[in-house]
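S.K.: Starting from the structure of chain A, add chain B where the hints point.
In order, the protein sequence lines correspond to chains A and B. With the first letter of the first sequence counted as 1, position 199 gets the number 199 in our numbering; the numbers rise by one all the way through. With the first letter of the second sequence counted as 1, position 163 gets the number 163 in our numbering; the numbers rise by one all the way through.
Everything labelled a hint here was simulated from the structure, so no lab data went into it. Keep in mind that the hints are not guaranteed to be accurate.
To be verified - Computed beta-carbon distance windows for the label pairs: (1) A95(B) x K497(A): 14 to 22 Å; (2) K88(B) x T177(A): 52 to 60 Å; (3) P225(B) x I474(A): 28 to 36 Å; (4) R194(A) x K130(B): 52 to 60 Å; (5) L101(B) x Y164(A): 52 to 60 Å; (6) L478(A) x A95(B): 32 to 40 Å; (7) D147(B) x P445(A): 33 to 41 Å.
A virtual CB, placed ideally from N, CA and C, is assigned to each residue, including glycine.
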Amino acid sequence: MSHGAKGGATVKERAELALNNDFLRKAVKFTTERLKNGKLQAMKEHGNWEEWRERGRQIRLHTIAHLDYYLNLFVENARANGVHVHFAETAQEAVDISMAIAERVSAKTVVKSKSMVSEELHLNAALEKIGVEAIETDLGEYIIQLADEPPSHIIIPAIHKNRYQIAELLSEDAGETLEADTKILAGYVRRRLRSKFLEADIGMTGCNFAIAETGSMVLFENEGNARMVTTLPKTQITLMGMERIIPSWADLEVMATLLPRSATGQKLTMYMSGITGPRRSEDADGPDEMHIIIVDNGRSLQLGDPEFQELLNCIRCGACLNACPVYRHIGGHAYGGTYSGPIGAVLTPSLNKNIAEWDDIANASSLCGACYEACPVKIPLHDMLVYLRRRKVEAGHSNKLEDAGMKGFATLFSKSGRMSTVLKLGKIGQKFVARDGGIRLKIGPLKGWNTYRVTPTLPKKSFRQQWATLDAEIREGLKEMSPDIKRRMEQAVQSRKNGGTHGHGHS
Amino acid sequence: MKVSLFITCLSDAIYPRVGEAMVRLLARYGVTLEFPPIQTCCGQPAFNSGYWNEARTTAKTIIEAFEDSDFVIAPSGSCTGMIHHYPKLFENDPAMLDKALALQSKTYEFTQFLVNVLGVTDVGATFRHKVTYHPSCHGSRLMGIKDEPMALMTRVKGLEFVPLPHAEDCCGFGGTFAVKMSDISGAMVSEKSDHVKETEAEVLVGLDMACLMNIAGNLRYRNEPVKVMHLAELLYEGVR
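Looking at chain A on its own, in the form it has when it is part of the complex:
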C-alpha cells in the first residue's frame, strides 16, 4: 500500500502508467531539461560553484549536528518577537494545531502559499472537513488543487501537465473557455485569487529557512503570492519542518546563492521575504497574529543515524529531480509519496520508518549518481538508496526469490571454478536459443531485458580460457619498460604508502 498514491500499488505499476502517457513524458522532459540547463548555466556564471556548494554543505552539517541548540535559539527569539511557536511531533498533531487556530479565529477561508510540509500533512483535506476552505495561491498548486492531485515535483507541482491540459482545468474553473496561452491563463488565476487574498482569514505558508539568531523565517517565491499571504490576512500560520533552521543571516547568503540557482537557474527568486514576527504598530501591513508550527513527522528519526542524518540537509531545491533520468521518464506521481524523485525515494521511507511498505521506490533507481552530483549540499542519495535496500534485506522484508538468487550468486562467484562450470552450461544452453550471435527470446528472466534488447551470446572461449596462450605470446615478445614509466609506477606505489588516494570519495 502506498499512501496518497494514485493508479497502482507498486512503483512499477505507477511507472507503467506514466511511461504510457506521452503528454506527461513530454511535459516532464521539457521542463526538467529547461531547469537543469538553467542550473548548469547559473553554476558556470557563478564561477566558484564547488566552493559555495561545500560551504552550503558545511552550514547544513553544522546546523543539523547542533539542531537542538539552534532550534531552541530560534524558538526563544521567535517568541520574543511575538510569534506563537508550536511543536508537532506527528502530522496529526500539526493538523490539530492548525485546525484549533482556524476554529479559534472562526476562519472561513485560508489562503496558502506553496508548502511541501502542508502537502505532507494533507492539511487541505483536514481543513475542508471542518468547513474551512483552503485555497492554494501558487499557480502550480492552484492547478493541481483543481485537478485534485498531489504535486509531482517539489518546486513545479504541475510539471506533468502541458498548457492545453491546464487551460482545460482553468476553463472549467472559470466557466468559460480560456485560450491555452500562458499570459491569459496566469491573468485569469491572478484575478481570481485577488479577491481570495482580500477575504481570507488566515494566510498559511511554508518556510524555506528559519534564521536562529533573530527568530525570523524566510520565503523564496516567484509569483508574489506568498507576500500577499503574509501581509493581507489577520492571522498567519507558518508550517516548518524542524530541520529548516540555519544559524544566521550570513548563512542565508550562502543558501540564497545555492537555492534559486539549483532550483531554476535564477540568481535570485523574484521575491525573497524575511519575516520577523507579526505586525508592529509602525508597520503598514502584516498579520496581527503569527504562528509557527515546527513539524517533526519522522525527521528526528534521522538524527544520529550515520547513514541518513544528511537527509536533513536538504534545502528542497528539486535539482535532483531535474537531473534524474528515471524521474524524467516516470514523473513524480509514480513515486507514490508527497516527495518525488531521488530525494523522495529516500525521504518517504525514512520519514515513515516503514521500509517494508516503501521498499519498492528505492529500487526505482539505476544508482547513476546524477542526484548527488546535482545536489547543492552534496547529499549522497545514491548511497542512501543502497542503504535502504540493505535495511530492507536485513529486516527480512526482501523478496524470497531474490534472496535465493543472491545466495546462488554468492555461492557461484565465491569460487572461480563454479563460475566456469556455469559458463560451460550456458554455452551448451545458448545453442538452442541463439541466432546470429544474439538471443532474442522473450521468456523467463530474459523477458524484460529482451523486450528492448538483443542479448549477446557467450564466445567460444572465455578470457580465462584464452589466458595461457595469450600470456605465453606476450612474454615471448615483451619490450623492456622505459625508465620513465618505471619511475612513475614506483612513485605511485610510494605516494600510496604516504596515504595518497585516487578516484572515488564524495567531493
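M.R.: Chain B alone, transformed into the frame defined by chain A:
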C-alpha cells in the same frame, strides 16, 4: 612490480576481446599483466541490491586474489568503483577493513592507469572513423574519470570525435535495475540510442562493458548499424 588484471566477470565471460586488447596494449609499454585465476565478480549486483553478506563473500575472493599485487587494473569504472566501496562493506571488521583499504588504494580503472600512472596519452593509434563516447556514470561521477578518456581519444589520428548529446545521462543499465524495472530501463536505453543515432557516429566507445552491452543490445534490437567498442579495443585496433 606486479600489475594484475581484474578482468571483471562480464568481460571474462562475454567480452574477452576487451581483456586481450588491454593486455596487448599495456605490453607495448613493457607492462606485463598477471592474471590471478581465482578472481570472480566484484559483488556489485549483491551490494546494490542490499545483499551485503553475499557481497562480502565475493569481495573476500577478490581481496584474496589481489593481495600481493602492486596494481590492479580493470576495464570498468563501475567494478573499480565497487572495489572502492569495499571499506564500507567491511567497516565493522578491522582485519578485513585494512585489506579492503589496501586493495582500494591500488585499484585503477584502465584509462586512469594508462594516463595518470603511466603518463601515456598518445598511444600512436590511427582510427579513421566517426566516434562518439558514452561516459558511464560510476566511472565519471563516482571515480572522477572524465579527462583521461578524452586525452586518449583526441590523440588518435584520423578519429573524428562527435560529442554525444546528453552524454551524462545514465544508459539505464543499473545492474538488477534493468531486470527489476525493465520498462523504465527500456525507456532510458531507448533514449540513449536515439542520442547515439543523432551523432551519426560509426562507433560508440566507452569504458564499461555493462553499459555498452545495454546500449549495444538496444541498438541491435533496433537494427542500428553502430559498432560498440571499449576504448581499450579502439586504441589497440589503432596501433596493431
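S.K.: Compare the structure with the hints numbered earlier in the document and write down the numbers of the violated ones, lowest to highest.
M.R.: No hint contradicted; all consistent.
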